[in-house]
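Chains A, B, C, D and E are the protein sequences, given in the same order.
Note that this note's numbering numbers the first sequence so that position 172 is 172, with each residue one more than the last.
Note that this note's numbering numbers the second sequence so that position 61 is 308, with each residue one more than the last.
Note that this note's numbering numbers the third sequence so that position 157 is 816, with each residue one more than the last.
Note that this note's numbering numbers the fourth sequence so that position 380 is 1215, with each residue one more than the last.
Note that this note's numbering numbers the fifth sequence so that position 77 is 1360, with each residue one more than the last.
Just to be clear, a hint being listed does not mean it is correct.
Below 30 Å or equal to it, Euclidean Cα-Cα: the simulated DSS-like pairs (lysine-lysine) are [said to hold, decoys possible]: (1) B:Lys582 to C:Lys821; (2) B:Lys582 to C:Lys729; (3) C:Lys757 to B:Lys586; (4) B:Lys397 to D:Lys898; (5) B:Lys590 to C:Lys728; (6) B:Lys590 to C:Lys759; (7) C:Lys806 to B:Lys582; (8) A:Lys34 to D:Lys928; (9) B:Lys590 to C:Lys764; (10) C:Lys728 to B:Lys586; (11) C:Lys729 to B:Lys590; (12) B:Lys310 to C:Lys806; (13) A:Lys34 to D:Lys984; (14) B:Lys586 to C:Lys759; (15) B:Lys310 to C:Lys759; (16) C:Lys728 to B:Lys582; (17) B:Lys440 to C:Lys821; (18) B:Lys431 to C:Lys704; (19) C:Lys806 to D:Lys984; (20) B:Lys569 to C:Lys732; (21) D:Lys881 to B:Lys397; (22) B:Lys310 to C:Lys757; (23) B:Lys586 to C:Lys764; (24) C:Lys757 to B:Lys590; (25) C:Lys729 to B:Lys586; (26) B:Lys440 to D:Lys881.
Think of the hints as simulated: they come from the structure by calculation, not from any bench.
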Amino acid sequence: MDLIAVAWPYWHQFFFIIFAAAAIGFGFGVLLSKNVVRMAFYLVLSLGSTAGLFFLAGAEFVGAMQLMIYVGGTLVLLIFGVMLTAQKDFINMDTHTQDWILATIVGGSLLMILLFGAFGAEDWNTPQNLEDAQIQATKEATPIGLALTGIRVDSLGDSKDAVEEGKSGYLMPFIIVSIHLLVVLIGAAYMARTKKLSHATDDKSSRAKLMLFKMEQEPERLEEETYVVTHRGKSALNPLEQSDENE
Amino acid sequence: MATSKIDDPRVIEFDVRTDEMLINMGPQHPSTHGVLRLVLRTDGEVVSDVEPHLGYLHRCAEKIGENLTARQWVPYTDRMDYLAAMNMNLGWSLVIEKMLDHDLPERARHLRVIISEMGRIASHLVAMGTYGLDLGSFTPFLYGFREREKILNLFEEACGARLTYSYLTPGGATADLPAGWTDKCLQFLAEFKEVIPELHTLLTTNTIFVSRTAGIGVMPARMAIDYGCTGPVLRGSGVYHDLRFHGEERYTEMYDGYVFDVICADPETGLYPESNYEFHGDSLDYPEIPRQAVLGDCWHRFYVRMLEVVQSVRLVEQAIEKYEATSGDWGTPIKLTQKLPAKEAYMETEAPRGQMGFYVVGNGDAIPWRVRARSSSFCNLSVTAPLCQGILLADIPAIVGSLDVVMGEIDR
Amino acid sequence: MSEIPLVTELRSRFGEGIIDVNLEAIDEWVEVTPDVLVGVCEFLKEAEGFRFDMCNSITVVDYLHTDPKKAAKVDWEPHMEVVYHLSSIATKMTLVLKVKIPRWKNGVEGELPGVPSVSGVWSTADWHEREAYDLSGVNFLGHPQLKRILCPDDWEGHPLRKDYEQPLEYHGIRGR
Amino acid sequence: MAEFVDYILNLDDSWFSYLVGALVAAVLILHVVAVGALLFIWMERKISGRIQDRLGPTRVGGKFGWLQTLADGIKLIAKEDLTPDLADKFLFKIAPYVGLAASYAAFIALPFADGVVGQHVNTAVFFVLAVLGLEVFSVILAGYASGSKWSLFGAMREAAQVVSYEVPLGMCVVVPVLICGTMNLTTIANMQAGYFTNWLVFNDPFTFLTAIIYFTCATAGVNRAPFDLAEAESELVAGFHTEYSGLRWSLFFMAEYSSMFVVSALASILFFGGPHGPIPIADILSFLSIDQLGNPDVQAFDETAGGFFSSVNLQVIIARLLGVGNLLFKGIIGVTVMMWIRWTFPRLRIDQVMTMCLKYCVPLAAVGFLGATAWQALDLPTANSLLGSPRYHHHELWTHGLEHQQGSENASSEASDDETPHAEDKTVKADEVFANTVPVSVVKGGER
Amino acid sequence: MLLIGTVSVSWYLAVGAVLFVLGAVCMATKRNLLGVLMGVELVLNGANMNFIAFGSKVLRPEGSLGLDGQLIALFVIVLAAAEAAVALAIALNFYNNHNTVDVDRANELNG
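Next up, chain A with everything else stripped away, as it sits in the complex:
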């Protein structure tokens, strides 16, 4: 009873460890897996865990967007690409050993620098009292939306002048990104499209379509002839019936 009676304000830390371990662990999975589909799967989990970290950090909107756009959209696209090019030879591709060595050295040193930087600044290392972190999650979607339309609401207490002086929020980047997206959409659609002329004998052409096409070009003799013959069928060699034909 004593054990369970302990108030435990460490939920944030608890979930942070879970999500961070998942993000990093599956990140390693991406790196070390040879199979490109498994890589994609690990990447999904890694990015999903990152979204969890975003939620923890109070950025609920960004977290949801991460799940929706990144995981639900971009990665599906990626996996789609994987499947379109999924030939046995390319599913598993080994990395050259020298690549590994070089990458490990460079990556390791980069990591050292980054970690040093991360923990170096005293200001960033100041722990916060996270006891009521959950309930502090506030309505950030609204200010984000406002910021995108050109109103800054993040720096509290700014005077009107200060805001107007060049700090017009994110309207401009928003528009740029929108146009960028449009351009990308058109560009990607254009690039992925190839138009080739093939000959009618190509096995990809539809013989039926071709026939129809030909018929349109040169009206067939068969079409002119009437099919509406109402008499019964008979043998062409039957002399009796042959005379009927002449009537």
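For chain A, the structure is supplied; the task is to place chains B, C, D and E on it using the hints.
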């Protein structure tokens, strides 16, 4: 509407080209109507080549026919097109009668019309239902089967079997229709006529159905004839040809005095014959042809079957009237060991799936020297490969389903 | 016989190629030599007033009595007949063509006899000829893809030949 | 729940009570998933049976065959769990769980009634959509890992389809968000409390249009006929689950049916009043006044009240159970409609599915979005304004952190003087923005 | 240490750094074009993590950058989606023309 403007098919536009895949569709596949196997060469969803592989149901029926007498072989015809076994019986009976120059009493002729047209209705109901199934609609299938069950009940009463009847035999039928059968049949027809508009609503005029079938698998008349397509497949391409009108006299005289239409669109106007058939108000009016439909496409093939059902209903009603009016013999079956002359005879009949031909060579013995069955589905299926090029994967069930093949008949 | 215009036309075009015309049969037939077969078919398909645009069926009939007693009774030598049933959608005519061929090419057992393929004339002949090849063992010369259609590709023998013997086993399945 | 455990065990803010609370919530939601799947599969059989002029299951479990699904489930569990030789074993085995986890996770943020929700998520609308979008991975992985070409086809179709349909789906969802000014599902639902004229679907013609588009896209998003291309049985044998058997196979179906329920419930929350019935019975019977909705102080269990029985606020519990019943009922109706559609229509082709999305759904959703925006901006009459029943405004009271802002009830009435603050004044203090920009329409609704 | 201690911005930055490096190494070592793309996604996520951490009100109440971090993260996500679309188009075109997705084989422009 007969033909819309077709783009030059030599110019093929395709999106990202990906790997060619070789896929086995069947023999265990839900939409290959039995054990058809199609080997597809696809590029993503686009099918570039289809090769049908047959023979999974091959039972050497022709070889068996060389060891049995003419009447003994009747049950084997049942097992060819098992969905229209009555019509198979009829084909075989007629060719043996032709060989023996055996003429039927009038009552037997009307009986045969009743039975074979009922068989046609049953068969077309299955064709319609399974076609809905091929396109992902399960409900019409059961509606079709519900009505078919009623026909099978009637058949069971007439001959004791529900699928393989061996009812129509050379010389007539194994028995006369039981007393009261015709009344039940008329009652069924009255009920059935109310169901037809339902089926039209669920499939023929359904927007999704139309968009799945209209303009798909377009087969010009010339191509249909060239590939030997017959029956609704041929008529769906706008060819006015129905053996009940244009067949040999021995067959067409069965239909002497009957009034019915050949269901076939006029290639000039693209219109089907008017529904001159007034029975159940105007609910049996044919639904309108959708704008997207091209003559010879899957939709038209389906439509022809649907309308043929109405014509069959019409024929059965007339036949029952005539049958009731005549009295006498229903035709005695030939002897089991009836000797066949040393001649040969070929005869085609209009089975639900097309022209079913039988060829018999006799040598004076009871056992024929050679038996040959010209299968309608066999020829109809042969058009699959040219039709299924450059289409999407989902169109294959639509096209194969619209050809309405029965593997038992193809493989024999 | 002379009053039948089609026969007159055929004889004038192909002369000796038309061997026999039988009008007594239930379905009257014309027998031609294999050499002129394709020409005859092409002519029939285009012939004015007949236009046999549909090939209904191609059948091979094997004439052979394996029992010597019975063989002695009949008046024909062992041979094969390829029967073409033609009809016309346009004119509703029907016609039967026959080609007689030996049972084996050059009399050598095992060598399949050849007939020119008419799959160039009617597309439907493609499958019919494949079936005839598969079941009766007739080599259709010039066929684009002459392989078995109903039997498995590795099947031995041609079942509808009268001297066919069922294999004892096929891939471990007992045959007889 | 945590408070209740705390009270029972006489603890204070213990980790144990949190855990118990979380577990209870999880188990309750699991019941919705599992029992829901059982119910829906049985329903599907019965409904399809009736549509097809037959009876459906009649024997197992006495009347109506209501235990048929359970019997099938037991059979499926007992079946051999096959893994094809060509399969990518790991992914093949994990794929069904991914799907189930995704549709299960969507329930976390789905409010069943006011205050009855797994976890308050501020951006719940997008959270649910995003998590449901993850379900596509299970299909893709299953399709790829099966090592069968048919499965791969199913997976590719699913990928293309779901990614496309998320666009119009998102656009439709934005419309209620825009009208209510919040992404919190609880608040969106609460804003539709009152008579059914308050439901957003009757707000204006454009929301009506949007609701229809939403339902279409949601049907496509959860892979139901006529958009069930990933498992098109007549084309792809069984699509992505061709190679599955036994329990894993049934997990796909559990995921499918529970996500069907999620999208239906989401539709009912976004457009059809959610847990609020057509007539506010709880309000009329004064169990739970509409004004009290969304108020965190109104608890089913109020430990400050003293004794155990007086702490239990029975009226609130009844009101909330009513709400839960309402939502379940609406969700089930949505599922039923999906079944009805499935057993009526043939299946579309993949290019037609894409055409439908890009040429019809997206433009129509855009029209709906623009129209609804214009309707709000021009302050045109809505159904509830015509009938004179007010749209109650409910701030997101569940966040304790905002309570101090809520003290400014007057602030919002002040703000109503200038309804479009961002158009005129760019120096808006954060506090003010919170109070008066969010519920533009709320404020308006409050006035009427 | 973490379980009883508190999480600060630095820890988030560390996670971001690890993800970044993993992505970078992934980019360097993968031969599959799509693998490289996945590396890019990881790198972008590592960077995003930093933005979120700095912009978090939960982690750094006083003097926080406010919404800037979150907004930039949003832009990054959107641009990553665009980038993925273009890169995928390039990859597929490459595959169409060369029949491989091995980046080491993309050496046509080598002098």
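Query raised in the report: Which hints, by number, does the structure contradict?
Result: Hints 7, 17, 18, 20 and 23 contradicted; others consistent.
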